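A.B. asks: Letter by letter, the chains look like this.
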Amino acid sequence: MSDPGTPRTIIGFICERSLPLDRMLDANKALLDDPDTRVVVVPCSGFVKPTQMELALANGAAATFVCGCAIGDCHYRTGNLMIRERLEGKRNPKLRKATDRRKVGMFFVTMKDQAPFLEALAAFRAGLAQAVPASAAKEE
Amino acid sequence: MYRKFLRLTKSLTVSLEKLLNLLTTSEHNPLYFHGAIPLYLFWLHIFTGIMLWMYYIPTLDRAWSSVNYISALPTPGLPISAEGGIPYGAVIRGIHRWGAAALMIATLLHMLRVYFTDRHRSWRWLPWVSGVALLACVLFLGLSGYLLVWDNRAYFLVVATQHFLAALPGVGDALAAFLVGGSGITDYTLTRFLFFHIGLACFLFWLVWMHFIRLKEPVATPSRATNFLLMGFILVAAGTFPAINITHELLAKYGGDPRIAAQAAYVASDAPAHIGSLVETIRYDAWYMFPYWLIQNLGVGVTWIVLLGGTVLLCVAPFYPRDRRANIAEVVEAKCTGCTFCSLDCPFEAITMVDRAPGSKFKQIAVVQAARCSECGICVGACPFQAIELPELHSKTIEADLLGLLNKGA
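Quick note, the sequences are listed as chains A and B, same order. Everything in the first sequence is counted per the numbering used here, starting at 1 for the first residue and increasing by one. Everything in the second sequence is counted per the numbering used here, starting at 1001 for the first residue and increasing by one.
Looking at chain A on its own, in the form it has when it is part of the complex (with noise of 0.2 Å):
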């Protein structure tokens, strides 16, 4: 059982091209398998801005991950790369030095890979599961 008061809403933003999400989702746009995760559905990964991603974290969110096309099939060319760049710091605009990155996922799949994707997220989860209550613990 998890603690009730640690939030473990995931909230994701997945590009509409990577995963098969008219499938995966319910109306409140929460994953089937998985509905602590809620997802904002956009065009292309490289859509998504970092501060989008720190507003989800600011709101509550117990993490937030984005997820594209595999790397080398991006529909729009780029967008992967460019985002994973962001993400890592490589790209403008960038995440704050502040944001934990441990709360903040990238996965790269194909519209076949929907099961290697809820494997991924729940390692995710898992991760978070096991830092984010020792972070607690530094904090106290």
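Hints were generated in silico from the structure; no laboratory data involved. Note that the coordinates shown come from a computational prediction; the quantities given were computed from them, not determined experimentally. Positions of the beta carbon are idealized from the N, C-alpha and C atoms, including for glycine. Treat the hints with care, since some could be wrong.
Said to hold, decoys possible - PhoX-like, lysine-lysine: derived pairs with alpha carbons at most 20 Å apart:
#, chain 1, residue 1, chain 2, residue 2
1, A, Lys112, B, Lys1396
2, A, Lys112, B, Lys1004
3, B, Lys1216, A, Lys90
4, B, Lys1010, A, Lys112
5, B, Lys1396, A, Lys29
Stated by the list, open to error - Computed footprint of chain A on chain B, listed as stretches where at least three residues anywhere in the stretch have a Cβ under 8 Å from a Cβ of chain A:
#, segment
6, 1010-1020
7, 1155-1163
8, 1269-1276
9, 1380-1391
What the hints assert, rightly or not - Examples of chain B residues lying across from chain A (beta carbon under 7 Å, computed):
#, residue
10, Leu1023
11, Ser1026
12, Tyr1032
13, Leu1308
14, Ser1374
15, Cys1376
16, Gly1377
17, Asp1401
18, Leu1402
19, Leu1405
Given chain A, work out where chain B should sit, using these hints.
C.D. replies: Using the frame of chain A, we list chain B on its own:
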């Protein structure tokens, strides 16, 4: 219906790529370098072509023998010997020959992949149409290469091409004469073919420039592993079956050797051409000589219809079906600082920076060229000032949705 077809082809393509990813990983999947591979092969042709050009003599009586001289040196394990010859000449010629087949296959795969993943339409029309021109250019390059050998097959192809061109009303006869450089085949004919071959190769660079002009940082080089793998395949093919000239004497002496039989069937050139002595049929190279197969089997008229009709269909493909195009990026003039981030990140060169009026707070402003905009929003992600937006997906809407999702999750 057509959109459904494109969705189906995309799904099949992605499935195939996923399978290949298991073998190569996505980093080295050749299908992710499908555009860079033809360019790599073209460079290979430039280098081997220059080497072959050094020894080529473009006259009727010397062309065949000069090509034969290049590739006649005994190759280990092959029963060919002749006086003279260039060390590894047959292998260099083989790379040029096998590379030509690989170039056409890679170009067609690139085209099919782009079409099947619906990446040819709308704002992508220029890369697509210039790609059609590149395909035609590769076809003519290959054909002109076959003519340079000046063997029986080359002579047959020249005569067939003259008949094909002469069938055009009005300009046909003039075109047929232009092809051979006069009313008959002379030494000037081969000089002209050499000019066509090298001139088209130079023209191809211009077409590649057109192909890339609206793409930011085009993928022009395959991964190193793909390069080595491709080069390895071609070297093995060229080393196992080097390109040579096959003569009647050679066939009479070594015709029973399976390697000579394989070479005769696939990569070898024929005996030298003799004007006035036309062979009845030739070995068709499926990648380059399909128009001649059509001429011989369906007639000149049908071949013109198939080739012209096919070209027109390919050229109009990017304009159908039309998309709504209601979400073209818009610049918020008051917020734009002229930082250039959006212009630098736009994958289709749709944003240019122009000078603002004198006295303005900022020197430049971004301007979106609507016809080039893909509505992807990468510029929106690049802008730290919310100065460029997609009208139907404003950043404020995204942020409101985001906060709404968090409230639902609370």
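A.B. asks: So, as I understand it, the hint says cysteine 1376 (chain B) touches chain A; can you test that by seeing if any CB pair is closer than 7 Å?
C.D. replies: 4 Å, holds
A.B. asks: Have a go at the serine 1374 (chain B) hint: is there a Cβ in chain A nearer than 7 Å to its own Cβ?
C.D. replies: 6 Å, holds
A.B. asks: If you take the shortest Cβ to Cβ gap from tyrosine 1032 (chain B) to chain A, is it below 7 Å?
C.D. replies: Holds: closest Cβ of chain A sits about 3 Å from tyrosine 1032 (chain B), inside 7 Å.
A.B. asks: Starting from lysine 1010 (chain B), check that the Cα of lysine 112 (chain A) is at most 20 Å away, please.
C.D. replies: Since the Cα atoms of lysine 1010 (chain B) and lysine 112 (chain A) sit roughly 11 Å apart, the hinted pair holds (cutoff 20 Å).
A.B. asks: If you look at each residue in the segment 1010-1020 of chain B, do at least three have a Cβ nearer than 8 Å to any Cβ of chain A?
C.D. replies: Answer holds; 6 residues pass the 8 Å Cβ test.
A.B. asks: A closest beta-carbon separation below 7 Å is what the hint needs, so does leucine 1023 (chain B) meet it against chain A?
C.D. replies: 15 Å, violated
A.B. asks: Hey, does the glycine 1377 (chain B) contact hint survive, CB to chain A under 7 Å?
C.D. replies: 3 Å, holds
A.B. asks: Checking hints one by one. Is aspartate 1401 (chain B) an interface residue toward chain A, by the C-beta closer than 7 Å rule?
C.D. replies: The hint holds - aspartate 1401 (chain B) has a Cβ within 7 Å of chain A, the shortest such distance being about 6 Å.
A.B. asks: Was the hint right that leucine 1405 (chain B) lines chain A, CB cutoff 7 Å?
C.D. replies: 4 Å, holds
A.B. asks: Just to be careful, I want the Cα atoms of lysine 112 (chain A) and lysine 1396 (chain B) compared with a cutoff of 20 Å; is the pair within it?
C.D. replies: 31 Å, violated
A.B. asks: At least three residues with a C-beta closer than 8 Å to a C-beta of chain A: is that true for the segment 1380-1391 of chain B?
C.D. replies: With 6 residues in contact (Cβ-Cβ under 8 Å with chain A), the coverage given for the segment 1380-1391 of chain B holds.
A.B. asks: Verify the interface restraint on serine 1026 (chain B): the C-beta must sit less than 7 Å from at least one C-beta of chain A.
C.D. replies: 5 Å, holds
Hint compliance for this structure: hints 1, 7, 8, 10 and 13 are not met, and every other hint is.
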